[in-house]
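Visitor: Residue numbers (numbering that gives the first Met the number 0), protein chains in the order written: chain G, 0 to 752; chain H, 0 to 167.
Among the hints, a few may not be true.
Stated by the list, open to error - Cut-off 30 Å, straight-line C-alpha distance, at most; resulting in silico cross-link-like pairs (DSBU-like, lysine-lysine): (1) G:K271 / G:K153; (2) G:K20 / H:K124; (3) G:K154 / G:K305; (4) H:K124 / H:K113; (5) G:K20 / H:K119; (6) H:K156 / G:K20; (7) G:K286 / G:K625; (8) G:K153 / G:K258; (9) G:K231 / G:K192; (10) H:K119 / H:K80; (11) H:K113 / G:K20; (12) G:K625 / G:K583.
Keep in mind that the hints were calculated from the coordinates and are not lab data.
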Amino acid sequence: MGSGTSTRHHFAFQNAERAFKAAALIQRWYRRYTARLEMRRRCTWSIFQSIEYAGQQDQVKLHDFFSYLMDHFIPSSHNERDFLTRMFTEDRFAQDSEMEKCSDYESIEVPDSYTGPRLSFPLLPDHATALIEAFRLKQQLHARYVLNLLYETKKHLVQLPNINRVSTCYSEEITVCGDLHGQLDDLIFIFYKNGLPSPERSYVFNGDFVDRGKDSVEILMILFAFMLVYPKEFHLNRGNHEDHMVNLRYGFTKEVMNKYKIHGKEILRTLKDVFCWLPLATLIDEKVLILHGGVSDITDLELLDKIERNKIVSTMRCKTRRKNEKQMEEKGKANRKSSAQEPIPWFLPQSRSLPSSPLRFSSYKAHKTSRSSSIPCGGCLDRRELSRQVRSSVELELERCRQQAGLLVTGQKEEPSRSASEADSEAGELQKPTQEEWRQVVDILWSDPMAQEGCKANTIRGGGCYFGPDVTQQLLQKYNLQFLIRSHECKPEGYEFCHNRKVLTIFSASNYYEVGSNRGAYVKLGPALTPHIVQYQANKVTNTLTMRQRISRVEESALRALREKLFAHSSDLLSEFKKHDADKVGLITLSDWAAAVESVLRLGLPWRMLRSQLVNSSADNMLEYKSWLKNLAKEQVSHENIQSSLLETLYRNRSNLETIFRIIDSDHSDSVSLDEFRQTWKLLSSHMNIDITDDCICDLARSIDFNKDGHIDINEFLEAFRLVEKSCLAGDTSECPQATNAKDSGCNSPGAC
Amino acid sequence: MSSTRGPATGSLSTASRAPEVNEDIRFPQEEGGSSVKQRRRKREIGTIIRSLGCCPTEGELHDLIAEVEEEEPTGYIRFEKFLPVMTEILLERRYRPIPEDVLLRAFEVLDSAKRGFLTKDELIKYMTEEGEPFSQEEMEEMLSAAIDPESNSIHYKDYITMMVIDEN
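This is chain G alone, in the form it adopts within the complex (with noise of 0.2 Å):
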């Protein structure tokens, strides 16, 4: 009994003991993969978002060059003050809805034919839940319903305060939503989930409901259908994408102009005003604010409640007036401000005098001219990362306008000015808001939360702040708040908390980067005002997928996007890699590598980490960066015909092209004269560092014009150097370029492209 159980002990023993050792093992080096998986799926954000925030630094940057031409440039002829005044006609659409009867849609026939869902008014919750049903079976709203539903919602908003005040007595519950983007899935989603909305169950939706998805028409129409049945549980707050201008660029635009061609335009400018008519910010019960983005240092509600919301058409370029100019106006006075007093834009090289002091001033009243008119704020920190050639060339374009005039900038500001304030005066009632008003909305429409305490210019998206937990704590105490819901930015898990759990950022638009990038939220406050939070993924693949597919799937999206990025600055890194490689030998280390490909893109991405992804080949840490250019270059279009650097630029501005584009057209007919395009691309080779000359332009626009009728329209355009997205074609917004060979544009004078 002994020796034999002893032995038979032992071997157990050891037994178990090499399964516990196994055991470990196996877990040990499964951690370490799932390791190596989140820091992709993170690496993957990073791509995605830094490349969606650039786009929206852009954006504004681009405005903020237009409108300085606008403001300064003084045009050589009648024509050219023309096309000029057109290119921003956000006043001129003032003057037009004045003008226009808002019930023009009773004069919308509905065919018999149409099998839609028919709206009557008053709404009743029936013809709600109605369009939700008409929508999930891919109906579409008839123009005459759309439009109708707009003139009544706009009638509702504007009875609105600009902070909604709400209270839990009424509704056993109140549930928030953060961005939808045009996602119909995930908005039928919750009211499944959740529930309908109803007078005891009480809806807040936190802004951003259009761009970027495929169905922001459908979700404006079932939002705002549940505001006009049920007004005091139903509550919507305006987000930045609430904003004509933002449409031009992220597809909003464009998806009501495919769906309603005949009367798309009327629909958008409809639109406009009632986007423009959206309150502002949500409180509940006195304690908690939702608003879309953030707040700053400066945020005052007060302010908020008192001024006139809806002056603020766009947070994207706004003329303001300046405090004394509104005084000056009361007392009788006409004239138009002297230019000479207005704050340097950043991109002119005049405004290097100013402060480089990244944090702002935090009494507002302090302000000096730091800032200029048009960005949100923080010129003074932009500066440090425009392009220089975007300066040079400005600078260059505009000598050669003074030159061409004969006349100094400053002398003559009542000639451009005229062109512009024209019609601005004569939008009438329409007044502008002064700059501190803009100031405060901008930064409640696009600040973001930071983990270090202050506040400083959000210069990543070119608008707002980054505000920390110092910034969130003071204004909780100053009005007494116990914590505050935003939006705005996504989150992996569609929620998150920050500032000592005082900030809950609710994400509702899930898959939003790419199929399996992140869950939606949103939350439910009960009765103490404690959040309870409710996540999904509403796509029925992710639910099939492992977590390992998930991510590949993603991180696949993003590194095609990151490397279609790395191919449009081909020409600027081909440069800084130069630098690197003094001896000329063609190589360079991949740490040389990453710094120039950071210094070129500025993305703030890993570099290092995502190099086995973009770099295939090298031997002894050292990269032949010709040829990896060259490969890249292969992967994108076929570019034979087109001298490369112009299809880079071209590739680079996309996005850019569009919005000029669509900003110009402003009839939205989709379609732009050849003199049009010709200026277009005049002012757009001076802004880009491109030498084309006006020969070639021509040709190139009369050989794009396929059908010779004298006018191009977007499509032949993109058409052309096959720019064309999936979603002309598919109709569905996202963003992919074909790969296939671009046919011959005719520009073949050598050199002169």
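Given the coordinates of chain G, work out where chain H should sit on it, guided by the hints.
Guide: Using the frame of chain G, we list chain H on its own:
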């Protein structure tokens, strides 16, 4: 952080690892601003270390964290304290990853009947009761990729091959 930080000794390849460490650790920053004094939450240290190529056990990880955390535990780790420790770990090649064949043998130990697979229940039992047990979430994650739904088992040789390819 320049590439001159870190110990002066060490081969060229490891000296050039130091900046990589800097970047990787600084990288997962969510908020704006580029403050040099980064702090990382304790639980993220595991992710960072493992993604740098190390394969410590949970126990080793805890010891490491104890070594670098603040005197008054704030839940954060400061970068300046972490970097030298991490650099040393890399230079010493501590916590080396597990080679494929060793991993295979580990599975074989658990598969006493030498069938070439483990049933789902067996895997769950070992992973949640032995060694440094998995959390429920970890277990579910592993099962989703490892288990063949038809046979309800994990054919570990194929599984390992698939995971290793994926890594590279």
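Visitor: For every hint, state whether the structure bears it out.
Guide: Evaluation of the provided hints:
no., hint, result
1, G:K271 / G:K153, "holds, 10 Å"
2, G:K20 / H:K124, "holds, 14 Å"
3, G:K154 / G:K305, "holds, 19 Å"
4, H:K124 / H:K113, "holds, 18 Å"
5, G:K20 / H:K119, "holds, 19 Å"
6, H:K156 / G:K20, "holds, 19 Å"
7, G:K286 / G:K625, "violated, 60 Å"
8, G:K153 / G:K258, "holds, 22 Å"
9, G:K231 / G:K192, "holds, 22 Å"
10, H:K119 / H:K80, "violated, 43 Å"
11, H:K113 / G:K20, "holds, 18 Å"
12, G:K625 / G:K583, "holds, 11 Å"
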